[in-house]
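Just so you know, the sequences run in chain order A and B.
Reminder that position 45 of the first sequence reads as 45 in my numbering, one-by-one numbering, no gaps.
Reminder that position 109 of the second sequence reads as 109 in my numbering, one-by-one numbering, no gaps.
Source of the hints: derived by calculation from the structure; they are not laboratory data.
It is possible that some hints are incorrect.
To be verified - Output of the computed footprint for chain B on chain A, the stretches with three or more beta carbons under 8 Å from beta carbons of chain B:
| no. | region |
| --- | --- |
| 1 | 63 to 71 |
| 2 | 113 to 122 |
| 3 | 192 to 202 |
What the hints assert, rightly or not - With a Cα cut of at most 20 Å, we get these calculated DMTMM-like pairs of lysine to aspartate or glutamate:
| no. | chain 1 | residue 1 | chain 2 | residue 2 |
| --- | --- | --- | --- | --- |
| 4 | B | K108 | A | D127 |
| 5 | A | K18 | A | E50 |
| 6 | B | K108 | A | D65 |
| 7 | B | K108 | A | E113 |
| 8 | B | K19 | A | E244 |
| 9 | B | K108 | A | E129 |
| 10 | B | K108 | A | E120 |
| 11 | A | K37 | A | D127 |
Note that the Cβ used here is the ideal one computed from N, Cα and C, for glycine as well.
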Amino acid sequence: MCCKQLTSTNPQQPGQIKLDGFEGGPDALLLSVREDKLSIYDVPIAQVVEQYAAFLAMLSAPDLDLAGEFILIAATLMELKSQKLLPPRPRPAEEEEEEDPVVARQQMEQRLEEFRRYREVAELLRDLESQRSRYFTRPAPPDLPPPVRALAALPEPAVMSLLGALKRLLEEADQAEPTATITREGVTLRMRMREVWGLLMSAGESGVAFQDLFHHGGSRLEIIATFLAILELLRLGRIRVAQERPLAPIIVYRVADQQHEPREDPANR
Amino acid sequence: MNHAKTQQTDRCTDLDPTKTPPPIDRAKLPQAVEALLFASPEPVTLERLAKALDAEEPEVYQALIDLRTSYAQDKGIAIVRVAGGYQMCTNPEFAPYVSRFLAASPTKLSRAALETLSIVAYRQPITLPELEAIRGVDCSGVVRTLVERGLIEEAGRKDTVGRPVIYVTTERFLAYFGLHDLSELPSLEELARHQQPADTQQP
Chain A
1 MCCKQLTSTN
11 PQQPGQIKLD
21 GFEGGPDALL
31 LSVREDKLSI
41 YDVPIAQVVE
51 QYAAFLAMLS
61 APDLDLAGEF
71 ILIAATLMEL
81 KSQKLLPPRP
91 RPAEEEEEED
101 PVVARQQMEQ
111 RLEEFRRYRE
121 VAELLRDLES
131 QRSRYFTRPA
141 PPDLPPPVRA
151 LAALPEPAVM
161 SLLGALKRLL
171 EEADQAEPTA
181 TITREGVTLR
191 MRMREVWGLL
201 MSAGESGVAF
211 QDLFHHGGSR
221 LEIIATFLAI
231 LELLRLGRIR
241 VAQERPLAPI
251 IVYRVADQQH
261 EPREDPANR
Chain B
1 MNHAKTQQTD
11 RCTDLDPTKT
21 PPPIDRAKLP
31 QAVEALLFAS
41 PEPVTLERLA
51 KALDAEEPEV
61 YQALIDLRTS
71 YAQDKGIAIV
81 RVAGGYQMCT
91 NPEFAPYVSR
101 FLAASPTKLS
111 RAALETLSIV
121 AYRQPITLPE
131 LEAIRGVDCS
141 GVVRTLVERG
151 LIEEAGRKDT
161 VGRPVIYVTT
171 ERFLAYFGLH
181 DLSELPSLEE
191 LARHQQPADT
201 QQP
């Protein structure tokens with residue numbers, strides 16, 4: 001394997017701490033103390049903090065991850081040192097059981113030991129990542145996002161059955177429209193798309209029956225606008241339609257696509 | 001031959017993914033499996049292959065073995081067993097050329113991301129607060145990134161105060177690291193054992 005790999009223990013990496021008898025990253029410093037390779041008495045914490053703070057200040061952009069980790073390590077070092085320096089405080093007998101410094105220390109050590117193993121796994125994963133990165137695979141076709149492929153597996157009502165459903169709705173609308181008074185409504189496709197999308201968003205996984213996306217007693221214009229809105233959303237791949245079996249109610253679902261989630265409103269595009 | 005030809009034209013004129021295709025010629029199972037693996041951007045399980053071909057799993061498995069044997073020799077493409085399935089990849093031998101050709105150096109995960117993934121892999125299902133207790137730092141950003149990359153996913157909520165979301169690793173996680181399943185990772189006990197002798201040898 002010819003891959004160059006940067007690991008946390010790489011000595012060329014900046015952010016190293018230099019003390020008498022120690023040189024390395026802050027995590028390595030903590031490890032050395034933990035494993036008694038380095039006495040905590042020999043670790044001037046102020047100096048450690050100063051050096052690392054200087055390194056952090058040098059970074060072009062503040063790295064909160066690095067800084068946060070360092071604060072944790074520095075705090076742990078201080079805790080260890082204070083435990084060594086201060087005489088154990090005598091406590092009442094009952095309390096002693098709960099806050100036994102030995103037990104607390106053991107717990108902390110256990111936790112650190114566990115974390116150290118995860119770090120080791122992280123190193124292993126990094127190796128695997130770089131090995132695996134030498135195997136190139138075909139990228140997912142950009143025009144076929146997973147939800148659309150899932151749609152293909154569903155029994156999909158043909159456009160004919162959508163049109164049939166539209167015809168029924170229009171017939172109902174004809175009955176609901178007894179007079180010839182025509183008031184021009186401000187119905188826009190965009191409004192309807194937003195409305196349909198809102199309904200589907202609140203319905204979630206279970207979807208909404210095709211008919212329920214239309215206003216009861218709505219005018220032809222409204223129905224047609226809503227129908228066009230559904231077609232438009234379908235075209236954009238934002239929704240899908242399905243039917244359990246022929247003649248079953250047509251159900252409209254929103255496509256649960258994480259990429260689309262933040263842009264809630266397709267009509268605004 | 002004639003029959004095959006008409007079938008061919010049939011397929012050309014109306015390709016409808018919801019329709020059942022004509023039964024596969026058993027002698028051509030390896031080639032059919034090859035076609036499916038080539039077309040898929042992700043590892044395909046034996047079960048999915050069998051379903052797509054309307055064939056029994058044992059015969060598809062045999063076809064897969066035949067196919068892999070023919071790919072085992074000097075080829076530019078390798079068929080690897082990963083994430084519980086099979087996937088076509090370029091032969092790693094030619095990785096430097098493919099990399100230059102695609103002008104793509106794969107984005108590597110940060111150390112924080114790898115650590116978080118390690119913890120999720122071993123402690124799943126795990127909540128964000130549990131993760132943060134182990135890492136000792138805020139993990140929400142890392143977790144969001146890992147979810148966006150499809151390496152971990154939400155798997156419901158934990159029945160406890162605040163009902164926090166629980167996370168698990170995904171199949172893409174396995175594929176990303178070239179693992180067949182999670183048991184390929186060393187156990188934590190094994191890691192502890194490895195650590196001991198290494199320590200004593202250090203000066």
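Status of each hint after checking the structure:
no.	hint	result
1	63 to 71	holds (count 3)
2	113 to 122	holds (count 10)
3	192 to 202	violated (count 0)
4	K108(B) / D127(A)	holds, 11 Å
5	K18(A) / E50(A)	holds, 11 Å
6	K108(B) / D65(A)	holds, 16 Å
7	K108(B) / E113(A)	violated, 26 Å
8	K19(B) / E244(A)	holds, 16 Å
9	K108(B) / E129(A)	holds, 8 Å
10	K108(B) / E120(A)	holds, 17 Å
11	K37(A) / D127(A)	violated, 27 Å
Comparing the model with each numbered hint stated earlier shows that hints 3, 7 and 11 do not hold.
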